[in-house]
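Chemist: Letter by letter, the chains look like this.
2 protein chains.
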Amino acid sequence: MAIAQRLERLRHQLAEKSLDAILLTQPETCRYVSGFTGSSGPAATLLISQESAVLATDFIHFEQARQEAPDFDVITVNSSSQRFTQLLSGNGKLAKVGFEANVLSVAEFRRLSEEAEKARVDMVPIEEIIDCLRAVKDEEEISCILRAAFIADTAIDFIATEIHSGMTEKEVAWEIEKYIRENGSEPIPFDIIVASGPNAALPHAKPTDRPISDSEPIILDIGARWKGYCSDLSRTLCLGQITKRFQTVYDIVLRAQLSALDGIETGMTGVQADGIARGVIDQAGYKDAFGHGLGHGVGLAVHERPRVSPGSTDVIQENMVFTVEPAIYITGWGGVRSEDTVVMRNGKVQPLTKAPKNAKPAEVC
Amino acid sequence: MAIAQRLERLRHQLAEKSLDAILLTQPETCRYVSGFTGSSGPAATLLISQESAVLATDFIHFEQARQEAPDFDVITVNSSSQRFTQLLSGNGKLAKVGFEANVLSVAEFRRLSEEAEKARVDMVPIEEIIDCLRAVKDEEEISCILRAAFIADTAIDFIATEIHSGMTEKEVAWEIEKYIRENGSEPIPFDIIVASGPNAALPHAKPTDRPISDSEPIILDIGARWKGYCSDLSRTLCLGQITKRFQTVYDIVLRAQLSALDGIETGMTGVQADGIARGVIDQAGYKDAFGHGLGHGVGLAVHERPRVSPGSTDVIQENMVFTVEPAIYITGWGGVRSEDTVVMRNGKVQPLTKAPKNAKPAEVC
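Respectively, the protein sequence lines represent chains V and S. 1 is the number of the first residue of the first sequence in our numbering; add one for each residue after it. 1001 is the number of the first residue of the second sequence in our numbering; add one for each residue after it.
Hints were generated in silico from the structure; no laboratory data involved. There could be a bad hint or two in this list.
With a straight-line Cα cutoff of 25 Å, these simulated DMTMM-like cross-link-like pairs (lysine to aspartate or glutamate) come out [claimed, not checked]:
id, chain 1, residue 1, chain 2, residue 2
1, V, Lys96, S, Asp1157
2, V, Lys178, S, Glu1114
3, S, Lys1227, V, Glu175
4, V, Lys206, S, Glu1140
5, S, Lys1170, V, Glu171
6, V, Lys178, S, Glu1186
7, V, Lys170, S, Glu1182
8, V, Lys227, V, Glu114
9, S, Lys1170, V, Glu28
10, V, Lys206, S, Glu1068
11, S, Lys1287, V, Asp58
12, S, Lys1206, V, Glu63
13, V, Lys93, V, Glu182
14, S, Lys1096, V, Asp71
15, S, Lys1206, V, Asp71
16, V, Lys170, S, Glu1171
17, S, Lys1206, V, Asp191
18, V, Lys178, S, Glu1171
19, V, Lys206, S, Glu1051
20, S, Lys1206, V, Asp20
21, V, Lys170, S, Glu1068
22, S, Lys1170, V, Glu140
23, V, Lys287, S, Glu1162
24, V, Lys170, S, Glu1108
25, V, Lys170, S, Glu1186
26, V, Lys170, S, Asp1191
27, S, Lys1178, V, Glu182
28, V, Lys227, S, Glu1175
29, S, Lys1178, S, Glu1162
30, V, Lys170, S, Glu1140
Construct all of the structure, not just a fragment, from the sequences and the given hints.
Modeler: Written out as structure tokens, the structure reads:
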């Protein structure tokens, strides 16, 4: 049902761009359009025209593709270079075919071009079509992300009762991951971040053997996955006595986040949405301490469109799902980040993650 | 120490190919050459010439890069499009710069070309240099892979004592993953495969809620990760009474694997090495049932060079690490795969994974 609708939207785009067909290889996009869950790495190549939908895969994935993508004609190819030949040749109807310029490598494109020339097909670079389709979620997708968000929320509740001074970052991360996996999540969408003290100044820190202590910031950044769909959630905790500096920074970040959650509306661009939170942080005197965008789309990939960041012209639309995650990072001291996954409903932000936003674990749960 | 040697080998290659510098973005390659462990996704761009080594990253990764890549000048860039400008401009010495044609997307290359034109730099597509350097491991790398192999071996011992009829594939997979993670592994390099009965006919099956039963094939394909380096190991088990068909297929696959482990020598091409195992399977009457290559290189990536498969002209060299994994798949019934990670030493194969190869779990442990 969902697949039929997605194919219809895609075909509408093809007609608009005067394309006879589109060639797709990006794994999450292939899953989105066909239902084929593939594996790690590119396992399928799709060719979709107004009349047909073909999925080319190798021997390894043939059975799986047939079961998962009933709306597609599944064919096998012996090697990845052959897939272009088999898909393009013998189809006299194709004159202009789109390809994902942001996905195909230069080397792959060179091979594709050779085959396209033989088949007299003009390959047209397409960057936006699929990413923009995927950015607006249907109800089924929103349900999946909500479920993934729920699992992440409960993991925060859980760890709030378990975390204590002396545990290492790695131990905390593994406790969270086990909880997430044992409460319904598929393999998690990204490595969990537990960053304590000075490590919290690294936005993408990896958990270390550092024991966490009282009175320092501890950033938890976690996600779960349900039927392929991701959630993304950060909270910053502080065990024991909260220092004045922590409280000050925490309050600014929280204020920035609440302003964005309250102020973002459909029709805004990414840079406008980002600016709401960034303005609060700048005004509080931390102008250079928030060195990444406010957020990013979340779906089958944990980072997708829309971009909610300085310079982004992406327009926030109804049923887009993305993160709102302002932060302040201070080298040597640490950092604070507060992140929710949200959906646009009736023109306004509706959070899908709902874990409490108190820095004291006891108050979190 | 290792980094200095790798840079030296790379610079030797640059001189051989008459390149002034090379631009690198592939995450595992960046880690290999610089020590920077990055994050998921491309976080760094390296530019290496005879005189200098520069690592460009964003604000998010700056601190981490400075700590992890002391042999590099670390610079920050505000956006990924700016990295090319900053790296190429103002450096009048560069006339010919190599780039990874199999890594950069068509869209990225378009942006790179614009900057290269402004800076009067000729960009030269390079596909092989780095992949071939990475294919031959140094002692430090082999130690890491051995440790990852050891963890996978012990996970097979462990699950042999736990697995029983009625457990679902997902339950078995999760027990294995927990064991691997709690015994020293970093996040595992690929989703564990537990494929039972007919599911074992899908080489890359995902674990399902299917309960495993007696007298059917159960393929376990698992890996661990140590300091970034992967292992890859498959065994096929059978609970309860072993059927005649299982025993027949199992014996052929095992014979094919032992022939390859015994027969592969340095100087052979990938297709020759593959042919040793494939010949055994073909002769036994299962010609079309082994539908993938015999193996693939293993290192920082779980799939890298050399390719050990039909059509591969890669030459097997001393200190290459790769898998040897013949298999037979029969639609409707299932399959058998036996896989080891091995290293070439003194011209011959030396297995790094050593889990027993008995189909009966009781005999495995």
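Chemist: Each hint: holds or not?
Modeler: Hint by hint, here is what the structure shows:
1. Using a Cα cut-off of 25 Å, the hinted pair Lys96 (chain V) and Asp1157 (chain S) is violated, with the two alpha carbons roughly 56 Å apart.
2. Pair hint Lys178 (chain V) plus Glu1114 (chain S) does not hold up; C-alpha atoms about 47 Å apart against a cutoff of 25 Å.
3. In summary, the hint linking Lys1227 (chain S) to Glu175 (chain V) is supported, as the alpha carbons are separated by about 21 Å, within the 25 Å threshold.
4. Pair hint Lys206 (chain V) plus Glu1140 (chain S) holds up; C-alpha atoms about 22 Å apart against a cutoff of 25 Å.
5. Our distance criterion of 25 Å between C-alpha atoms is met by Lys1170 (chain S) and Glu171 (chain V), whose separation comes to about 24 Å.
6. For a cut-off of 25 Å, the pair hint linking Lys178 (chain V) to Glu1186 (chain S) stands: about 14 Å separates their Cα positions.
7. Using a Cα cut-off of 25 Å, the hinted pair Lys170 (chain V) and Glu1182 (chain S) holds, with the two alpha carbons roughly 11 Å apart.
8. With a CA separation close to 38 Å, the supplied pair Lys227 (chain V) and Glu114 (chain V) exceeds the 25 Å bound.
9. Distance restraint check for Lys1170 (chain S) and Glu28 (chain V): the Cα-Cα separation of roughly 22 Å lies within the 25 Å cut-off, and the hinted pair is therefore satisfied.
10. Among the hinted pairs, Lys206 (chain V) with Glu1068 (chain S) is consistent with the structure: their alpha-carbon atoms are about 12 Å apart, no more than 25 Å.
11. For the proposed pair Lys1287 (chain S) and Asp58 (chain V), the alpha carbon gap of about 17 Å is at most 25 Å, so the pair holds.
12. Between Lys1206 (chain S) and Glu63 (chain V) the CA atoms are separated by roughly 13 Å; this keeps the pair inside 25 Å, and the hint holds.
13. In summary, the hint linking Lys93 (chain V) to Glu182 (chain V) is not supported, as the alpha carbons are separated by about 51 Å, beyond the 25 Å threshold.
14. Annotation: proposed proximity of Lys1096 (chain S) to Asp71 (chain V) is violated, straight-line Cα distance about 48 Å (limit 25 Å).
15. A C-alpha spacing of about 21 Å is found between Lys1206 (chain S) and Asp71 (chain V), which places the hinted pair at or below 25 Å, so the restraint holds.
16. At roughly 24 Å between alpha-carbon atoms, Lys170 (chain V) and Glu1171 (chain S) fall within 25 Å of each other, so this suggested pair holds.
17. Taking the CA atoms of Lys1206 (chain S) and Asp191 (chain V), the gap is near 20 Å; set against the 25 Å cutoff, the hint holds.
18. With a CA separation close to 13 Å, the supplied pair Lys178 (chain V) and Glu1171 (chain S) stays within the 25 Å bound.
19. For the suggested pair Lys206 (chain V) and Glu1051 (chain S), the alpha carbons sit about 32 Å apart, so the restraint of at most 25 Å is broken.
20. With a CA separation close to 35 Å, the supplied pair Lys1206 (chain S) and Asp20 (chain V) exceeds the 25 Å bound.
21. Restraint check for Lys170 (chain V) and Glu1068 (chain S): the C-alpha separation of about 19 Å stays at or below 25 Å, so the hint holds.
22. Our distance criterion of 25 Å between C-alpha atoms is met by Lys1170 (chain S) and Glu140 (chain V), whose separation comes to about 24 Å.
23. Pair hint Lys287 (chain V) plus Glu1162 (chain S) does not hold up; C-alpha atoms about 55 Å apart against a cutoff of 25 Å.
24. Between Lys170 (chain V) and Glu1108 (chain S) the alpha-carbon distance is near 35 Å, which puts this suggested pair outside the 25 Å criterion.
25. Simply put, Lys170 (chain V) and Glu1186 (chain S) have alpha-carbon atoms about 10 Å apart, close enough for the 25 Å limit, and the pair holds.
26. Annotation: proposed proximity of Lys170 (chain V) to Asp1191 (chain S) holds, straight-line Cα distance about 20 Å (limit 25 Å).
27. For the hint linking Lys1178 (chain S) to Glu182 (chain V), the alpha-carbon distance of about 11 Å falls within 25 Å, and the restraint holds.
28. For the proposed pair Lys227 (chain V) and Glu1175 (chain S), the alpha carbon gap of about 21 Å is at most 25 Å, so the pair holds.
29. For the suggested pair Lys1178 (chain S) and Glu1162 (chain S), the alpha carbons sit about 13 Å apart, so the restraint of at most 25 Å is met.
30. About 24 Å separates the Cα atoms of Lys170 (chain V) and Glu1140 (chain S), which keeps this hinted pair within 25 Å; it holds.
The structure does not agree with the numbered hints 1, 2, 8, 13, 14, 19, 20, 23, 24 stated previously, though it agrees with the rest.
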